[in-house]
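Start from the sequences, fold in the hints, and give me the full structure.
Residue numbers (the working numbering), protein chains in the order written: chain A, 1 to 287; chain B, 288 to 592.
It is possible that some hints are incorrect.
Here are the computed distance ranges between Cβ atoms for each label pair [said to hold, decoys possible]:
#1 ARG47(A) with GLN352(B): 57 to 65 Å
#2 SER52(A) with ALA413(B): 29 to 37 Å
#3 THR361(B) with PRO56(A): 28 to 36 Å
#4 PRO452(B) with GLN135(A): 36 to 44 Å
#5 THR175(A) with GLN402(B): 25 to 33 Å
#6 THR314(B) with VAL109(A): 35 to 43 Å
#7 PRO223(A) with THR314(B): 24 to 32 Å
#8 TRP495(B) with TRP180(A): 51 to 59 Å
#9 PRO56(A) with TRP436(B): 23 to 31 Å
#10 ARG47(A) with ALA413(B): 35 to 43 Å
Stretch-level coverage of chain B by chain A, calculated; a stretch enters the list once three of its residues show a Cβ under 8 Å from a Cβ in chain A [stated by the list, open to error]:
#11 355 to 361
#12 399 to 413
#13 417 to 428
#14 431 to 440
#15 536 to 550
Okay, the calculated bits of chain A under chain B, using three or more residues with CB under 8 Å as the criterion [as the list claims (entries may be wrong)]:
#16 36 to 44
#17 199 to 211
#18 229 to 236
#19 242 to 254
No lab work stands behind these hints: they were computed from the structure.
Source: prediction; values computed, not measured.
Backbone N, C-alpha and C define an ideal beta-carbon position, used for all residues, glycine too.
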Amino acid sequence: MASAIRVIRRKPLGALGGVLILVLAATAVLAPVLAPHDPIKVTSTERLKPPSLNHPLGTDDFGRDILSRVIYGARISMLLGLGAVAISTLLAAVIGILSGYYGGRIDTVLQRFIDTLMAFPAFVVLLTIMAMLGQGLGNVILALGIGATAGNARIIRSAVLAIRENQYLEVARATGCRDWRIIARHVLPNIAAPIMVVATLGLGVAILSESSLSFLGFGVPPPTPSWGAMLSGSGRTYMIQAPWMAVFPGIAISLAVFGFNMLGDALRDLLDPKLRGGTGLGQRLNQ
Amino acid sequence: MLLLPTLALVTLLVFSIIRLLPGDVVTLMMSEQGYAGDKAKLEQMLGLDQPFHRQYITYIGKALQGDLGVSFWTREPVLDEILRRLPVSFELAVLAMFFGVLIAVPTGIFSAVRQDTWLDYLFRSAAIGGLSVPGFWMATVVIVSASIWWQWVPPMRYTPFARDPVKNLSQLLLPAIILGFALSASVMRMTRSMILEVLREDYVRTAWAKGLGESMVIARHVLKNAMIPVVTVMGLQLSALLGGTVIMESIFVLPGMGKFLLDAITWRDYPVIQGINLFLATSIIVLNLVIDVIYGFLDPRIRFG
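Following this line, the structure appears as structure tokens:
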């Protein structure tokens, strides 16, 4: 408890981010309880209604309740973010550890490949992957995960390089530990901090990128209540007659991403002073 | 020279990936317009009847001579089309970078010098806010508000700079500021933390001890030494910036490379996708080289032997 208060005092913005993320997670888990209406039920008599008691955030062009869709959207966003981050962190950890731990020719080959991927604007890579895979929630998750891998692999590699020459690794090697055991017991725990920072910021990036993909027509297909889809498709078409359609999901996205960015920043300062100031990571995919 | 192997990989990657895109261009052309009755003839005309490695070698050979092929659909040379659209995207990117730095550096300096004051918190929140708001959404909200309150709508026709500079700039101003705002976030944070670090250096204490005023210490002693990582971050932004122009160009109807690429992906126009990607990747690689050279200028200790 005392340490929690200390963190809040030292990192008020980070604590605010943490609270936002907790609210987001709770909303995602409790969506069926919290949502007043069915998020995908079409009610033609209730089209484009402004906010009222029955529909606190109004309704969209199909008469669906915006509040319920925003609440269920938290689920989709969390799912998207966690899925994409799981994929990218796993791939990046494998590449980064192979590259950093073994060095030599493996490192050279992998790094040339990463160089190549990083020579493309990240968003162009995303678009191309989506064009290949086609629409769908799973495909968006896969694309976002693959898209974020190159940058993350770089960061994990440099974290491994930073600890590679440490004596405890040498000792482990001298006692006859096998490579996989050294990696699992000595390397991984020591690069957990940067991985956590990368993952937290990555969650925000994934949620934001999904909305940009949606805007260009490569996002999660309807009628799934994804925030990105809500504020890009008909949300934009009806922006003047029914601004609530796009304004509220936009606020939801911004708050969620804001939370992840704040929390990620604070984590970085607390866990890994060397990384302070940012690697431009939170920005790589942002528009 | 790591430039050439990277570029070779870039072309190979683009070349093979677009051929994996579902819905190949030949079927699309036959169905869309009845371009040609004969599938084999069409393939032959587009050069797609050749085996993969042949197509690739031919492409590279021509690309080395500055020929990026012709668009499948319009039959226009790809390089000409790119060069025609490049100034629009380039201008937008430069303006966005300009606004990004204009916002980021002063607020970053201020936040560092007045660390942990309420203005510091405000600027930092605003910076992270800039990272958190979807750019196209902000653009839409701004356009809609402007049209409701001032009856202003963004022009639908693009005016080139050479024809009417004022009209051209007023058209690009809004997308550039929105892009610049998103860009400023990480530059601002980097500026702030680097200045905080440099402020603790001995030579800064010496500067204070000499009795120099605050603005002099910051401008002469702190800023230049704090700028290297800031320039690095700006370099990393280039890729995000080029991605961001795709979106801003479609919202503000600007005839730039982003819009061109988007259409090419939709229509599976292989030579155009290849050309634009080659172009983008080359610019990113070259710009990163330029940034390395800027390091040497900012810090004489880093010089290339």
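Subject >> chain B covers the segment 229 to 236 of chain A, three or more CB atoms within 8 Å, holds or violated >> reply: Result for this restraint: holds, n = 3.
Original post:
With a cut-off of 8 Å between beta carbons, are at least three residues of the segment 431 to 440 of chain B near chain A?
Top reply: holds (count 3)
Original post:
For the pair THR175(A) and GLN402(B), does the Cβ-Cβ distance stay inside 25 to 33 Å?
Top reply: violated, 47 Å
Original post:
Regarding SER52(A) and ALA413(B), is the given constraint of 29 to 37 Å on their beta-carbon distance met?
Top reply: The hint (29 to 37 Å, Cβ to Cβ) holds, given that SER52(A) and ALA413(B) are roughly 33 Å apart.
Subject >> Outcome of range test on Cβ distance (ARG47(A), ALA413(B); 35 to 43 Å) >> reply: Holds: the Cβ-Cβ distance is about 37 Å, inside 35 to 43 Å.
Original post:
Are PRO223(A) and THR314(B) spaced within 24 to 32 Å by their CB atoms?
Top reply: holds, 29 Å
Original post:
Does the Cβ distance between PRO452(B) and GLN135(A) fall inside 36 to 44 Å?
Top reply: holds, 42 Å
**OP:** Return holds or violated for the Cβ distance of THR361(B) and PRO56(A) against the range 28 to 36 Å.
**Re:** violated, 50 Å
**OP:** Confirm or reject the claim that PRO56(A) and TRP436(B) have a C-beta distance inside 23 to 31 Å.
**Re:** The hinted range 23 to 31 Å holds for PRO56(A) and TRP436(B), with Cβ atoms some 26 Å apart.
**OP:** Would you check chain A against the segment 355 to 361 of chain B, counting CB to CB pairs closer than 8 Å, and say if three or more residues qualify?
**Re:** violated (count 0)
Subject >> Whether chain A covers the segment 536 to 550 of chain B (at least 3 residues having a Cβ closer than 8 Å to its Cβ atoms) >> reply: Since 3 is at least three, the answer is holds.
Original post:
the segment 36 to 44 of chain A covered by chain B? Criterion: 3 or more residues, Cβ-Cβ distance below 8 Å.
Top reply: Coverage by chain B is violated here, the residue count being 0 at a Cβ distance below 8 Å.
Violated hints, in rising order: 3, 5, 11 and 16; the structure is consistent with all others.
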